[in-house]
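Asker: Take a look at the letters that make up each chain.
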Amino acid sequence: MIRTEEMILNVGPQHPSTHGVFRLVVKIDGEIITEAKPVIGYLHRGTEKLAEDLQYTQIIPYTDRMDYLSSMTNNYILCHAVETMMGIEIPERADFLRVIAMELNRIASHLVAWGTYILDLGATSPFIYAFRDREMIINMLNELSGARLTFNYMRVGGVKWDAPEGWIEKVGSFVPYLRGQLIGYHQLVSGNEIFLDRVKGVGKYTKEEAIQYSLSGPNLRSTGVKWDLRKDEPYSIYNRFNFDVPTSEDGDCLARYHLRLQEIEESLKILEQAVEQFPGEGPIMAKVPKIIKAPKGEAFVRIESPRGEIGCYIYSDGKKEPYRLKFRRPSFYNLQILPKLLKGENIANMIAILGAVDIVLGEVDG
Amino acid sequence: MSGEKDLEQLKKEAVAKAKAAAAAKRKAMELAGGSAPAEDTAAPTASAEPEASTPASDDGDDLAKKKAAAVAKAKAAAAAKKKAMELAGGAPPAETAEGDNAPAGDDAKAKAAAAAKAKAVAVAKAKAAAAAKAKAAGTSADSDSDAAPIGGDDEKAKAIAAAKAKAKAVAAAKAKAAAAAGGKADATAAPAAEAKPSVNQAFLDKYVKVISEHLGSDVLEDSYINKLSKDVPTLVAKRDTYYKIAQFLKYNELLGFDYLSELHGSDFETHMEVYVHLFSYKNRQSVALKVKIDRSEPTIESLQPLWAGAEWPECEAYDLLGIKFPGHPDLRRILLGEDWVGHPLRKDYEPYDVEV
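If you read the protein sequences in the order shown, they are chains A and B. Under the numbering used here, the first residue of the first sequence carries the number 37, and numbering increases by one thereafter. Under the numbering used here, the first residue of the second sequence carries the number 1498, and numbering increases by one thereafter.
Don't read these hints as lab results, they were simulated from the structure. There may be inaccurate statements among the hints.
Stated by the list, open to error - Keeping only pairs whose Cα atoms sit at most 20 Å apart, straight-line, the calculated EDC-like set for lysine to aspartate or glutamate is:
#1 A/LYS332 <-> A/GLU317
#2 A/LYS332 <-> B/ASP1728
#3 A/LYS85 <-> B/GLU1766
#4 A/LYS85 <-> B/ASP1845
#5 A/LYS329 <-> A/GLU125
#6 B/LYS1747 <-> A/GLU244
#7 A/LYS262 <-> B/ASP1755
#8 A/LYS63 <-> B/ASP1827
#9 A/LYS85 <-> B/ASP1728
#10 B/LYS1724 <-> A/ASP353
#11 A/LYS267 <-> B/ASP1728
#12 B/LYS1727 <-> A/GLU269
#13 B/LYS1844 <-> B/GLU1766
#14 A/LYS376 <-> B/ASP1827
#15 B/LYS1727 <-> A/ASP353
#16 A/LYS329 <-> A/ASP353
#17 B/LYS1844 <-> A/ASP89
#18 B/LYS1779 <-> A/ASP268
#19 A/LYS85 <-> B/GLU1852
#20 B/LYS1727 <-> A/ASP268
#21 B/LYS1747 <-> A/GLU245
#22 A/LYS240 <-> A/GLU308
#23 B/LYS1844 <-> A/GLU88
#24 A/LYS73 <-> B/ASP1836
#25 A/LYS236 <-> A/ASP288
What the hints assert, rightly or not - If you only want the chain A side, here are some residues facing chain B, beta carbon under 10 Å, derived:
#26 GLY77
#27 ASP198
#28 PRO200
#29 TYR249
#30 LYS332
#31 PHE336
Just so you know, even glycine gets a beta-carbon here, dropped at the ideal spot from N, CA and C.
Generate the whole structure from the sequences, applying the supplied hints.
Answerer: This is the structure in structure tokens:
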């Protein structure tokens, strides 16, 4: 019999496949992981503490830096929370701009997730393809907001900038383009045998476990829970659009991989309809007071970000700054199941499992 | 807690306003020429408030002026007295309660005096406004307003000016009243909106009923619909029954809240609070569970045995607020690290290392 010895292996915090400054301390016995301990907090900037001294509009740039791959949803959750408390009605055009921006951002985020996941598993070129197409989205959002990643685009009551001329048409023509690209993505990767061997049946968990561990987004839907806040607790104008909520029963890494690609397709459907129904003109800001003061009380709202359920809790004492602000950050919650998934796994699967969770460290650390 | 704060804010505002008014008045008096303490200049003095269009001027001896003058008389007298004293080289008397110069010191007495003065001004304003209103309704030809063209012979222009003055005065009175009423306004507006029961009221009633049937009627401190938070049914548990209620919410067949969406703590200075947002995938319903805990020794049972997803959020609450969760398998400083001193989200947090 082969004698094995337990050893400790440290991964990160500076490691390309941890998608940021994430550290993982794993105990391995031979090639089998006996214990894995995530160490986080390297990117903690104290957003919630800082926010207590800032006016609501001033907090928006800070939300950009939480989940920096989908800043639009972060912008939205804060504005949405304040608007819910104040009972502000958003003009139609602003709602359309918000939804288009958020869905474009969702696609961009999923493209990064897809590209980097394949990169983690050793294939370089899909990553380049994904980033090429993502770049087109980033450019469009840049035209809209003036920034490539940290958009700072939304405001309480609407959006900061109207769409430049011809922008909506540009989004419209991007939809069929990306549909064509997606076929190529599938041809390139989805049927690849080496890829399938690495991800099929790996990192499996059940529906009950997913719910127990507070997972959300594709991580939850990969186990067969048909739940998407855009559909089931509609916010903004999502109830006007026709789209599906893709689910899978497998609960493994491959299921999560496929779900993200399918969600891109659903987002494209939403974009197509939004471009079609886009109102010709109208205000992009509701009438809001110059200094925004949320009424006394508390509110917790949640929406669907690319990574899952993002929430915002505000306790206001009627001042222009929040008394307490808390973000429910989906990556933070989704990462909790990792030690359980890694236990007993082969060390080679570690990166495959971590990558499929799709974390953004800015969001994990808050 | 926050009520007191508001009151303090209000007080500060009132004091600032009163001070500004006093300054304006002093200036006006100086402009009018120091030695004019005569009775008939009382009205202009009173009208030299920041909102300079209060209906009182020096040529008419009508009703409004009389009223305004009567109210302002005491004030003007005090002002004249003070002025005289100043001219005489004396220090301003400390007991200028109805006077115009709030002393620089901000002790309680000065505050009270300033507040009282502000009130008096508001009353005077309101009265003047009412008088102006009455007059505008009756005879519109009085040249009682500063805005009226002096020596103007057009009746219409005068009427317009009078109406304008009236509107202005009313607005001023309103603003004053609002400032005086302060936060009370929104407090009275809230109950009016609660007339219609929420769509979630039935769910809340159900939860409360099931809980009180199984756990007793005294386990909940409070239960309400949170209007601000998309009408989520909110339960406030007692410190001792928090875990029992959470357990019940999860395992009871009628409730079945299988998903913990959010858990966090907050520091409310008088107490700490843990806020839990639960969701049931079976019934597609949300509930918020809150519990107040002692601030000096914040301890509350961990929910990790019920929902594994509570593990890291509880670590976060421990890290940033110092709330301890007995029953938690691995309570650690998840974000800041074990060597961090203090809990930053506490309201009394002082950074250990100011350079950080």
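Asker: A separate judgement is required for each hint: does it hold in the structure or not?
Answerer: For each hint, the structure was consulted:
no.	hint	result
1	A/LYS332 <-> A/GLU317	violated (35 Å)
2	A/LYS332 <-> B/ASP1728	holds (15 Å)
3	A/LYS85 <-> B/GLU1766	holds (15 Å)
4	A/LYS85 <-> B/ASP1845	holds (12 Å)
5	A/LYS329 <-> A/GLU125	holds (16 Å)
6	B/LYS1747 <-> A/GLU244	holds (13 Å)
7	A/LYS262 <-> B/ASP1755	holds (15 Å)
8	A/LYS63 <-> B/ASP1827	holds (17 Å)
9	A/LYS85 <-> B/ASP1728	violated (27 Å)
10	B/LYS1724 <-> A/ASP353	holds (15 Å)
11	A/LYS267 <-> B/ASP1728	holds (19 Å)
12	B/LYS1727 <-> A/GLU269	holds (10 Å)
13	B/LYS1844 <-> B/GLU1766	holds (7 Å)
14	A/LYS376 <-> B/ASP1827	holds (14 Å)
15	B/LYS1727 <-> A/ASP353	holds (18 Å)
16	A/LYS329 <-> A/ASP353	holds (9 Å)
17	B/LYS1844 <-> A/ASP89	holds (12 Å)
18	B/LYS1779 <-> A/ASP268	holds (13 Å)
19	A/LYS85 <-> B/GLU1852	holds (16 Å)
20	B/LYS1727 <-> A/ASP268	holds (14 Å)
21	B/LYS1747 <-> A/GLU245	holds (15 Å)
22	A/LYS240 <-> A/GLU308	violated (34 Å)
23	B/LYS1844 <-> A/GLU88	holds (10 Å)
24	A/LYS73 <-> B/ASP1836	holds (19 Å)
25	A/LYS236 <-> A/ASP288	holds (7 Å)
26	GLY77	holds (4 Å)
27	ASP198	violated (29 Å)
28	PRO200	violated (34 Å)
29	TYR249	holds (5 Å)
30	LYS332	holds (7 Å)
31	PHE336	holds (5 Å)
The structure is inconsistent with the numbered hints 1, 9, 22, 27 and 28, although it conforms to all the rest.
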